[in-house]
Amino acid sequence: GNSVTQMEGPVTLSEEAFLTINCTYTATGYPSLFWYVQYPGEGLQLLLKATKADDKGSNKGFEATYRKETTSFHLEKGSVQVSDSAVYFCALGVNSGGYQKVTFGTGTKLQVIP
Amino acid sequence: EAGVAQSPRYKIIEKRQSVAFWCNPISGHATLYWYQQILGQGPKLLIQFQNNGVVDDSQLPKDRFSAERLKGVDSTLKIQPAKLEDSAVYLCASSQAGAVLSGANVLTFGAGSRLTVL
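As given, the protein sequences belong to chains A and B, one line each in that order. Each residue of the first sequence is one higher than the one before, starting from -8 at the first, in my numbering. Each residue of the second sequence is one higher than the one before, starting from 102 at the first, in my numbering.
Since the hints were derived computationally from the structure, they do not count as laboratory data. There may be inaccurate statements among the hints.
When the alpha-carbon atoms are kept at most 25 Å apart in a straight line, the in silico SDA-like pairs for lysine to any residue are as follows [unchecked claim]:
| id | chain 1 | residue 1 | chain 2 | residue 2 |
| --- | --- | --- | --- | --- |
| 1 | A | 100 | B | 110 |
| 2 | A | 100 | B | 118 |
| 3 | B | 145 | A | 7 |
| 4 | A | 51 | A | 68 |
| 5 | B | 145 | A | 5 |
| 6 | B | 163 | A | -6 |
| 7 | B | 145 | A | 90 |
| 8 | A | 92 | B | 207 |
| 9 | A | 100 | B | 212 |
| 10 | B | 145 | A | 8 |
| 11 | B | 112 | A | 90 |
| 12 | B | 145 | A | 33 |
| 13 | A | 100 | B | 140 |
| 14 | A | 92 | B | 123 |
| 15 | A | 92 | B | 197 |
| 16 | A | 92 | B | 112 |
| 17 | A | 100 | B | 216 |
| 18 | B | 163 | B | 108 |
| 19 | A | 51 | B | 123 |
| 20 | B | 179 | A | 33 |
| 21 | B | 179 | A | 32 |
| 22 | B | 145 | A | 86 |
| 23 | A | 92 | B | 106 |
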């Protein structure tokens, strides 16, 4: 079946540190890949996406590249801020019967300290 | 545009009682999703509607959970009777189209309804 595996958290970094959150996936066909973020007290919201191999999604300084050869979609940011503290979810969307089913990973909590 | 509205935000019930959650998606969004998010886990899809028809309810515990989407707009998720393990946040999301034609299908989530079963 379709699944997403994320690195376990929590991840604690100092402000301005480099961030990588690993995500690998298992899927049939050609899935779309997403990163969603959940800030404290808020609902999930899309951070970035990529729809085909070698696509790079980017937003708010975050980037992730769709790597089909390694079935990965790792999230990176060069310099994190305290305001980036949140839970990050990797997700994949697979077409099934004409509709897209979206499957989420377990989430990785990021805490950035001043 | 207005976001996805959910109510109630919080609910505490005793086991074996019933509860209902309501969701109003973004206007014009044809697809509506209910996810269950247990503390420390990722969201798990319970049911997916396309307009007012069900396209996926494979992970919905049908002996106790039910959902409907009348007129293809609002939706209600009901649990009866509740069990302790149903304690979770119930997330509603909507999207413009269930089928990916030209790109990725982006979900817009509501704030969630937190259920505690005692």
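Each hint tested on the structure:
no.	hint	verdict
1	A:100 with B:110	holds, 23 Å
2	A:100 with B:118	violated, 33 Å
3	B:145 with A:7	violated, 33 Å
4	A:51 with A:68	holds, 9 Å
5	B:145 with A:5	violated, 32 Å
6	B:163 with A:-6	holds, 23 Å
7	B:145 with A:90	holds, 17 Å
8	A:92 with B:207	holds, 11 Å
9	A:100 with B:212	holds, 18 Å
10	B:145 with A:8	violated, 32 Å
11	B:112 with A:90	violated, 32 Å
12	B:145 with A:33	holds, 18 Å
13	A:100 with B:140	holds, 12 Å
14	A:92 with B:123	holds, 22 Å
15	A:92 with B:197	holds, 14 Å
16	A:92 with B:112	violated, 28 Å
17	A:100 with B:216	holds, 22 Å
18	B:163 with B:108	holds, 22 Å
19	A:51 with B:123	violated, 32 Å
20	B:179 with A:33	holds, 23 Å
21	B:179 with A:32	holds, 24 Å
22	B:145 with A:86	holds, 17 Å
23	A:92 with B:106	holds, 22 Å
Going through the hint list in order, the structure does not satisfy hints 2, 3, 5, 10, 11, 16, 19.
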